[in-house]
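A.B. asks: Fit chain B to the supplied structure of chain A, relying on the hints for placement.
Sequence order for the protein chains is A and B. Residues in the first sequence are numbered from -2 upward in steps of one, following my numbering. Residues in the second sequence are numbered from 1374 upward in steps of one, following my numbering.
In case anyone wonders, no lab produced these hints; they're calculated from the structure. All values reported here derive from a predicted model rather than from experimental measurement. Only true hints are included.
Ranges of calculated distance between the beta carbons of each label pair, as one might list FRET restraints:
| id | chain 1 | residue 1 | chain 2 | residue 2 | range |
| --- | --- | --- | --- | --- | --- |
| 1 | B | E1424 | A | E132 | 53 to 59 angstroms |
| 2 | A | K247 | B | E1538 | 57 to 63 angstroms |
| 3 | A | P286 | B | I1492 | 38 to 44 angstroms |
| 4 | A | A111 | B | R1391 | 57 to 63 angstroms |
| 5 | B | G1405 | A | A111 | 53 to 59 angstroms |
| 6 | A | S124 | B | P1551 | 47 to 53 angstroms |
| 7 | B | E1398 | A | P29 | 46 to 52 angstroms |
| 8 | B | L1513 | A | R47 | 21 to 27 angstroms |
| 9 | B | E1383 | A | A46 | 39 to 45 angstroms |
| 10 | B | D1404 | A | V87 | 48 to 54 angstroms |
| 11 | B | E1424 | A | P48 | 26 to 32 angstroms |
| 12 | A | P301 | B | E1538 | 36 to 42 angstroms |
Every residue, glycine too, gets a C-beta built ideally from N, C-alpha and C.
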Amino acid sequence: MSTGADRPQGAIPAPVHWAHRHLLDVDALTRPEIDLVMRTTDEMRDVLARPIPKVPALRGVAVTILFYEASTRTRVSFEVAAKNLSADVVNIAAASSSVSKGESLVDTVRTIEALGADMLVMRHPASGAPYLAAEVFGGSVLNGGDGWHAHPSQALLDLYTIRSRLPGGSLEGRKIVILGDVLHSRVARSNVWTLTAMGADLWICGPTTLLRGFEAWAAHGAAGRRFTVTSDVDAALRDADVVMALRIQKERMASGLLPSLREYAARYGLTKARLRAANPDCVVMHPGPMNEGVEIAADVAVDPRSVITTQVTNGVAVRMALLYLLAGARHAEGGS
Amino acid sequence: MTGRRIMAAEDIRRATIRISHEIVEKHAGTDGLVLVGIQRRGVPLAHRIAEAIREHEGAAIPVGALDITFYRDDLSLVAQQPIVKGTEIGFDINGTTIVLVDDVLYTGRTIRAAMDALIDYGRPQAIRLAVLVDRGHRELPIRADHVGKNVPTSREEVVKVALEETDGEDAVEIERRPGTTGGGAVA
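So that you can see chain A by itself, here it is in the shape it has in the complex (with noise of 0.2 angstroms):
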């Protein structure tokens, strides 16, 4: 059903061994195996444009998918993914399991192992939980975000989507702009990694209050790789290819940071005038849940330069992706 002319990549490139048993985040993940995850993607969408949008190749392998925070694209990205490649997709939602009678997180995760899970997808309000839950964890884990570190199935279904978008697929020197509260989001902190191992010209902007640790990323960390942080948006959208608005957390938000939501609209707000300094075909993107009229105003969110609903389509694909490559990797260090 696909002819290949409309992806980025032409020839097929050398295989890359994937060797990860867990996704925690994408800062793990070097450029090649970056590519195979998109390559892999691109399959995945042609399972999904088929008659039967279902392959039997997880066929057998339990998913255990536990959320600690709400989601609804996420998570059900996440369960109808697994679905598509025949897994098992148990469900648990924290607020409903032994959690809310005082379970430990290592003891949770220890009892789903023992009920036969061989992947975990979570989501967790504390940075790092991933990592603690993959030391005890004989399968595979995979990130679902935790806290304000990492969502690295967001960073590459953006990256996907961009890629997509961009002639050539090339994100090369492009300039893609990061638009809104960076402080509590860690979709900010993936994108920025796979952004700028990409090639990409990335710029931070928002309220100062909430670029806090940016700046000192920007000088310091990132050796090789384009990253700028501003809290000029005219300076920051000036001829951008991409505008990425991120939603104000109010429930993360500590009083002081903003002095209105109001305010933050009027000047951080990603607006129709506002997007004119942009290139004319720029793409504008939003992670999603959106507060229509804060960062991103109605009107932008559903012009045509708006990929929102393709970030959702591509989400499936990417963690079908995902589940595919850390499933196999699972086998190898089980020895079969």
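C.D. replies: Just chain B now, kept in the frame of chain A:
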């Protein structure tokens, strides 16, 4: 290529042309006939057979490519996930007679996976199988309808097919598997 040569370029050319005639004869024409090559070397073989049919029948036969990676039954046995090479079937397979094309028929597991994959795309009238080399040792009740060359082998041997399109030359060779444990490979 370092093994014992069992087919040279000319033998492969003749076998391909003979198979193309057999396919048309068995189907009594070319109506509703499509070819699907199994990735990787089945794909250029399918194109060669289609080209031969075009030459002697004057009919253009649709050719597709099928990747069976997601349908393999040995994913839990291999060391890492195989690289997926892409399925391209740009036509409706409902009601067609599909000739699956592959380079080597061995255990039959690849063909089992290919049939599962095809049936996810629709309901063909019939599925047939054409292979360049049948080396025996079937593990499933599967046989080929059209065979380029039957080659008796032992399980300790490897049959290597090289094609101009994928390997730069046309040849089939046979060699001993180094440090062999027998079976395992899907070929």
